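Guided by the hints, dock chain P onto chain X, whose structure is given.
Chains X and P, in that order, are what the protein sequence lines are. Using my numbering, you'd call the opening residue of the first sequence number 1 and step up by one each time. Using my numbering, you'd call the opening residue of the second sequence number 1 and step up by one each time.
No lab work stands behind these hints: they were computed from the structure. Please note that a few of the clues may not be correct.
Said to hold, decoys possible - To spell it out: a stretch of chain X is covered by chain P in this simulated footprint if at least three of its residues, at any positions, have a beta carbon under 8 Å from a beta carbon of chain P; those stretches are:
no. : region
1   : 531 to 540
2   : 723 to 729
3   : 761 to 774
4   : 810 to 823
Just so it is clear, the structure is predicted and the values come from calculations on it, not from any experiment. Even for Gly, the Cβ is constructed at its ideal location relative to N, Cα and C.
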Amino acid sequence: MASVYIPVQNSEEEVRVALDQLPRDASDILDILKAEQAPLDLWLIIAREYFKQGKIDQFRQILEEGSSPEIDDYYADVRYERIAILNALGAYYSYLGKIETKQREKEEHFILATQYYNKASRIDMHEPSTWVGKGQLLLAKGEVEQASAAFKIVLDGVRDNVPALLGQACVEFNRGRYSDSLDLYKRALQVFPNCPAAVRLGIGLCRYKLGQFEKAQQAFERVLHLDPENVEALVALAIMDLRTNEAIGIRKGMVKMQRAFEIYPYCAMALNYLANHFFFTGQHFLVEQLTETALAVTNHGPTKSHSYYNLARSYHSKGDYDKAGVYYMASVKEVNKPHEFVFPYYGLGQVQVKLGDFKSALSNFEKVLEVYPDNCETLKALAHIYVQLGQTDKGQDFIRRATKIDPRDAQAFLELGELLILSDTGAALDAFKTARTLFKKGGQEVPIELLNNVGVLQFERGEFELAQQTFKEALGDGIWQSFINEEKKSSVDAATSTLQFKDMQLFHDFESNGHHVEVPLDKVTVLFNLARLLEQLNESGTASILYRLILFKYPDYIDAYLRLAAIAKDRNNILLSIELVNDALKVNDKCPNALSMLGELELKNDDWVKAKETLRAASDATEGKDSYATLSLGNWNYFAAVRNEKRNPKLEATHLEKAKELYTRVLIQHSSNLYAANGAAVVLAEKGHFDVSKDIFTQVQEAASGSVFVQMPDVWINLAHVYFAQGNFALAVKMYQNCLRKFYHNTDSQILLYLARTHYEAEQWQDCIKTLLRAIHLAPSNYTLRFDAGVAMQKFSASTLQKAKRTADEVRATVAELQNAVRVFSQLSAASNLHIHGFDEKKIDTHVGYCTHLLTAAKVHLEAAEREEQQVRQRQELARQVALAEEARRKAEEQRKFQMERRKQEDELKRVQQQEEHFKRVKEQWKSNSHSKRRERSDDEEGGTGEKKKRKSGKKRKKDKHSKSRYDTEEPEADMMDEQEMEDEEGDVYREEPQTHGEENAHGLLAAAGLEDSDADEEMGAPSSSIARRRQALSESEDDEPLRRQSSPVRENSGEMQESDGEIRDLDKTNGDDGTDEDKHY
Amino acid sequence: MKLGGIKSVENAHDDSVWAVTWVPATANRPPLLLTGSLDETVRLWRSDDLLLDRTNTGHCLGVASVAAHPLGSLAASSSLDSFVRVFDVDSNATVATLEAPPSEVWQMRFDPKGAILAVAGGGSASVKLWDTSTWELVATLSIPRPEGPKPTDKSGSKKFVLSVAWSPDGKRLACGSMDGTISVFDVPRAKFLHHLEGHFMAVRSLVYSPYDPRVLFTASDDGNIHMYDAEGKALVGTMSGHSSWVLCVDVSPDGAAIATGSSDRSVRLWDLSMRASVQTMSNHTDQVWGVAFRPPGGSDARGGRLASVSDDKSISLYDYS
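Pulled out of the complex, with its shape left as it was, chain P reads as follows:
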């Protein structure tokens, strides 16, 4: 397996690019790349040439997260001011504006069926679930306070939720927090299940394997990528190699590889059968905040694509094979 650079767009945004996701193909258009930046805009790009399709404005403060509905028609973007804007991808019409004060908004993910939008709630130590038909808050998954008072450990008392991930069957939701713990929820029953231990620094990104609903990959500021059995509460493997924070992780549609982006400016490709880094792309000149594999489907059956975005204002597109 390997990555081959296809195209890079320098100055794709006027400032650091912080978020990236693919908007799945619809009947009348191929998949699009969606990016969000500190320059307060959200932009849509046509692959493979990375032609700018549209620039959405309206956010204040930097855009920290973007998410796309599995059907490809809707997308959500959120900024540091904690507003979530849900919009129609093709018309840019605002569908809804969400906020749940005092909860902040960090990472967002639609569930695999597209019925729920999960939003990492930062300091509220919870994940907010929004119904995608009514755009009403349907549930708040709160991380329970750890048992036993730990007054000395100040950071331990609050779980600042940064990231969320859905299991492929949509039954489980995992969220990562500043202190490195990962919490797993049973979504249908809206119940906290357990913590996954192992990281002691912020987990900014995590993703479930597309085939195995038990396997969860997590990226942490401690520079390591962990592979958990999310049901069995067990750490299955550790992959190290980045020399700084691992900011983002995504798993390939075939489930054979993961890609990670790091503060060390590199994008790495990891072979899961070897559990080792097989390739390092160092075309970015600053921290890589997002990596995203293009979901399968759509009219063009070309090979896999991986996109990465960075503080260096650029977007890069790679061929994955």
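Chain X with its partners taken away, still in its complex shape:
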């Protein structure tokens, strides 16, 4: 072991001091040094040795003693050693200041260091080591530029001053000029190959920063080789290992990190990385301890930020959002610019979203986005926030960007789809489909909800086959396959139980056969939707089984009951339907949907009072917010107003008023409710405001077109009624026919009746009769139609006979038609012996009598007509012959004339030639003056017509403008309607299940709003008396005929329920009149 020899003063002896055996008390050595007046370099060596051994106090004691004023005096001429001691002290305090975390102490240390260096400078201004020390101090204080200046002073003097080189390298490193820094380190190493490991550490760091990881690693390893306990190198290597992101690398890295931690437990960097590691392994307790230590030992902003971040993350993952928020905030505060360390902003944003502070979260995520403009997660988070803030458009933009940046992010497409459902179902479907493909490509299982959404959207767009496939895919394997799949169907004879809507035996059989009847909760909705789709595809049998399967497992699933009831209702099995609805009500006796449906069924069953109560209950159950119940009540009132035969005007008015009030109430709540608008328009029409109601109907019709789920034939019929009432028969016919074809597959005899009535009114007898025959063919048991047909034939015949001019063929057709009428009426008369059709026998007999009377009259007519025809034919023949003779005569005459003419012409020609010659001569005289005159005149003419033209075109333009402006005002209105409607629908679609409700409601509404049928039955009961009444009216009808004519169409057509009663009445009346006319005639 090395030792120093302190020369003993005034002798040749020396005191040997073994450096590894320095006394614990430095005073002993100091005494010797002082006593022997040892050279100052010995003081320094011994102090340094103390320092190396970690005996800092002794080190300081010796040096402080060595720099005391006495020494200065004594060793005044020993300048270098004195400077060295001062510099050593300066460096020591610089170091203390550097590692001190408390600001005050730190500054005190730096002040001391500065003092020592200044003292050294006073001894010798140019001593390089002092400048190096000063530079180091400035570096430690963070004053990089001044430090650089200090080092430059040294390097200007001595190019290869190693400490200065190192210092300058450090400066360059801090400035971020890593290659310059690297050059300096290299030069230092060349000059002084044995320099300490730290130099190589610098090289390693530079290379690391320059991205030369291999070389960096070599450098760090060299450092460790030289100094196995070099914490920085260990940490650096560990970080590099961790960066590999592979299991082995991470493990190796963690081993190194741990060693670094064992060597020096207060390296914040190592602590942070360890904490980071334990965060991922889930040892939150360790994370907190390590980060707290790290926070205690460092003052370095970024490192602290990292520590806070670790801590926050730990709390975040534990769900302690408040604490996590606080620490994220602390972390963010330590960061100057988001660019340096952006993670805490993200975390903070997340926590703020969780805590509902969207505005702050928004700004944080936006900061993250500034740093990483292409980060999908951030984009998605922002999209989510914007949606929460109600800015759906912005949300869509962001999620779109996310999908563009990473077109393989299934989750993003899923979210995009969910956002788009609200506005653009087509695009939403595309997004969902992309998501589905991505999930499949990624080998992931496609979420059931996604498939369900895809299916529902396809369903809604009318792509039923696709929707079916999708739903089946969503369902996967399960018991339901036994019912859905065609091939397996035969194995279970499900068909037999399709009619027993409440039969669960099927499933019990299944269970007893060892099958496991299982329906996972997450698939119930899909199953329900599939069943709904099957209904749409007219596979109501299979649908019914699926609904029952749902009920078998989930007996509280009300919608399944209601759908079963709806199927039963479609099959006209009202009693079963009511039973099923009552089952649903057993589950929840306040369910407004079930109550509404029950009310409707009761109406269908003609139970008016009960229906009203039920509908009231439905309305009450939702506190009047359920439009359907309110609407139904409105309809109820409307029908109550118009159904009453006696038409108590007071009652009618109150009912109508009440209906209007109810419709209006719905419209106030949902301004785009088509059914309410329709109802309101009906009431308006009922009161005679045809123009207004026509506008409303037209708008409703426009709004209703374009969705699978909204089918509103009623509005078409109403519109047709209005056209009819306004006398626009052609349009009315078209409207009725379109409605029939579009909504009823041409199967609705009631509309055919309306159609026939329109033809009747338009006096298109043959069309009227044909239409009625079709109606009879469709509804053979409706004898009213036969009666109407008879009347139409009678009227046709009468009107032909009334004509002043008619051919024998016409009369013959009339006779045939009259015979038909007689047959129809007598059949009716006979049939009414058997059953009650609501026809008065006598009345029919009158018709028969009248028709036979007409028939006899017609026969006379026929003879007359035939005779006349004969005469006409003879006359025509005569005329023809006369004409022929005339013709011949004329021809002869012409011939004669022609010849005369020719002779004349020849004479003429000669004369003309003579005249021409004469004319030529005269012309030459006139030439000059006549020319100019003619031109003037033609100019005038042109100008006049031009002006006229202009004026005309101007008018046209005006007209155009006018019509255009009208369109303009109309369109926005329609648009608005559309939009509102869309919104309503969106609401429905987004909730998957309610959507099917809405649909159901729609179906119900159709019937409720239409409801023509319910009265058709009604009228069968009472008519005999009413007919008698009508006949009374008939006798008076002559006087007030025109008046009645005007009022009757209003009444009949304004309502949706044009009663065939009314029809008959009207027909009767005209008949009666015709009859009297005829009588007068003969």
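Only chain P this time, still in chain X's reference frame:
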């Protein structure tokens, strides 16, 4: 099994075609197609080219039903005025004019032996049986009024008979009515047997399986086709798929398939072994009122034929194989 379109005749009639049947082949001619229309005519067509053979006039109001005698010599047509005209197919000579007031006339069917013509009597709630040699009314099969008074249910009190079908052995007769009930009669004893329940809307067409006298197929306005065990009063199967009323049904001569026509404008072919629709023909543009498989026999042994008629005034002929 499948259908292949052979020929369609647009505007085969001047108005909706409502009825169709095949007149079986006789010794000196192949089978003919017989159609009836709202235009008041009955027309005879030669297959496979669907050449118009003859137009019979004389009916008033639309022709609602046509029927052919199993021997192919006689046929009957009826119209909404409730007259039945029986005529010689080849000469168009009127054999008889039948009416049984106040009973109306809807669907008509000759029994398999050709001895009786059954006529659905509409509001009279009965089926009239006419002797085909004397053309006299031999029996009225009345549907009994349902037991127990049901005053509230107005439609239930009257069975409006729309359609009739003979069992292949001629012993049973089934009729369908407006309210959806089907009534089965024992013909030799002229006795009502029972109702078949399941439909609640009009049954406009029904047919027995050619081989199994128990199996009855029914088409209803509720959009479904039911398959009943007519003796056991049991519903054997339901086939759904049409989106509107099913107006007509016929069973193939081999008994393996049925064809249906519907208001949804389609003709569907159903495989009875799968009880599922195997093909949908959508060449018609309006309601399909009649479908008819050509009966086997006749000189030409070509494949099966199916004819359909529609409100769109057209007739279509398909190859069935």
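Now for the hints, and whether the structure bears them out:
Counting residues of the region 531 to 540 of chain X whose CB lies closer than 8 Å to any CB of chain P gives 4, which reaches the minimum of 3, so the coverage claim holds. Here the region 723 to 729 of chain X counts 0 residues with a CB under 8 Å from a CB of chain P, which misses the bar of 3, and the coverage is violated. With 3 residues carrying a beta carbon less than 8 Å from a beta carbon of chain P, the region 761 to 774 of chain X meets the three-residue requirement, and the given coverage holds. With a threshold of 8 Å between beta carbons, the proposed coverage of the region 810 to 823 of chain X by chain P holds, since 4 of its residues qualify and at least three are required.
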